[in-house]
Amino acid sequence: MRIGAHVDSTDPLAEAADRSADTVQFFLSDPQGWKAPKPREDAERLRAAEVDLYVHAPYVINVATLNNRIRIPSRKLLLGHANAAADIGAKGVIVHGGHVNAGDDLAVGFDNWRKTFAYAADSGGFGVAVLIENTAGGDNACARRLDALARLWDAVGDYEVGFCLDTCHAFAGGEELLGLVDRVKAITGRIDLVHANNSKGAFNSGQDRHDNLDGGTIDPELVVAVIRAAGAPVVVETPGGAAGQAADIDFLRQQLGTESQTA
Numbered sequence: 001m002r003i004g005a006h007v008d009s010t011d012p013l014a015e016a017a018d019r020s021a022d023t024v025q026f027f028l029s030d031p032q033g034w035k036a037p038k039p040r041e042d043a044e045r046l047r048a049a050e051v052d053l054y055v056h057a058p059y060v061i062n063v064a065t066l067n068n069r070i071r072i073p074s075r076k077l078l079l080g081h082a083n084a085a086a087d088i089g090a091k092g093v094i095v096h097g098g099h100v101n102a103g104d105d106l107a108v109g110f111d112n113w114r115k116t117f118a119y120a121a122d123s124g125g126f127g128v129a130v131l132i133e134n135t136a137g138g139d140n141a142c143a144r145r146l147d148a149l150a151r152l153w154d155a156v157g158d159y160e161v162g163f164c165l166d167t168c169h170a171f172a173g174g175e176e177l178l179g180l181v182d183r184v185k186a187i188t189g190r191i192d193l194v195h196a197n198n199s200k201g202a203f204n205s206g207q208d209r210h211d212n213l214d215g216g217t218i219d220p221e222l223v224v225a226v227i228r229a230a231g232a233p234v235v236v237e238t239p240g241g242a243a244g245q246a247a248d249i250d251f252l253r254q255q256l257g258t259e260s261q262t263a
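Mind the numbering: the sequence shown is residues 1 to 263 in full-length UniProt numbering, read in order.
Hint data in this document are derived by calculation from the structure and do not stem from the laboratory.
Where hints are given, some of them may not hold.
Simulated DEER-style distance windows between Cβ atoms [unchecked claim]:
(1) Asp214 to Asp147: 28 to 36 Å
(2) Asp214 to Gln261: 38 to 46 Å
(3) Asp154 to Gly241: 19 to 27 Å
(4) Gln32 to Asp214: 24 to 32 Å
(5) Asn68 to Ala36: 17 to 25 Å
(6) Gly231 to Asn68: 36 to 44 Å
(7) Lys115 to Thr262: 34 to 42 Å
(8) Asp250 to Asp122: 41 to 49 Å
(9) Arg228 to Asp147: 38 to 46 Å
(10) Gly103 to Asp154: 37 to 45 Å
(11) Gly137 to Gly33: 35 to 43 Å
For each residue, glycine too, the CB sits at the ideal point set by N, CA and C.
Modelling step: build the complete structure from the supplied sequences, incorporating the hints.
Dropping the structure here:
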């Protein structure tokens with residue numbers, strides 16, 4: 001099992017070494033901005049690395065919305081990030097499930113997701129796997145609760161789409177972690193990546209506030225149980241810099257009985 005962390009994008013491989021990480025996740029551009037990613041000078045080095053790479057798409061992307069001024073640029077930006085992720089040899093690009101505005105029909109949001117994959121197919125397809133991530137808040141979210149996730153997968157399941165399960169988001173979003181993997185797989189058929197995060201917010205609080213695995217409001221053993229059941233690579237998106245994340249990675253390796261695979 002490969003375990004790593006979300007890191008600064010300047011030198012991801014150095015960040016991986018600082019954490020003894022098997023995998024790293026990072027942004028290719030400002031996560032709060034609309035600029036397309038630029039080619040990386042270290043692309044060849046990244047492609048050759050033993051460390052597995054994942055790219056997190058910017059938070060501003062929302063392909064579900066009915067607002068054309070956000071939805072259309074979101075499609076283009078997601079496609080651009082997927083292609084840039086492919087260029088560095090990343091295994092996937094993670095994108096939040098998105099939402100519609102209050103009063104809008106959520107069914108249209110699911111269909112907008114379908115149109116996103118159709119748009120990409122018309123442009124040659126996504127360069128890497130797109131992993132849709134569950135989110136913590138919002139009554140109009142496409143991937144907060146499992147009933148919404150089921151409707152989303154009805155819309156996009158015929159395409160090559162993966163799923164990223166975030167433990168903080170699930171807990172804060174109102175989904176019990178016990179047995180969650182089985183319930184998710186019954187919908188998606190797969191879990192491609194786990195974001196292993198504790199939660200500063202309470203159950204069903206809707207708060208997307210990550211904590212280290214030995215802190216927060218989730219029993220760390222529940223996070224471990226999710227990872228063990230999912231059998232997927234793991235990324236911690238926890239605070240504390242290299243030291244805090246290294247401690248979380250070490251905790252997971254101890255609990256799971258695994259060792260670093262890139263040491």
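Hints the structure violates: just list their numbers, smallest first. 2, 3, 9, 10 and 11
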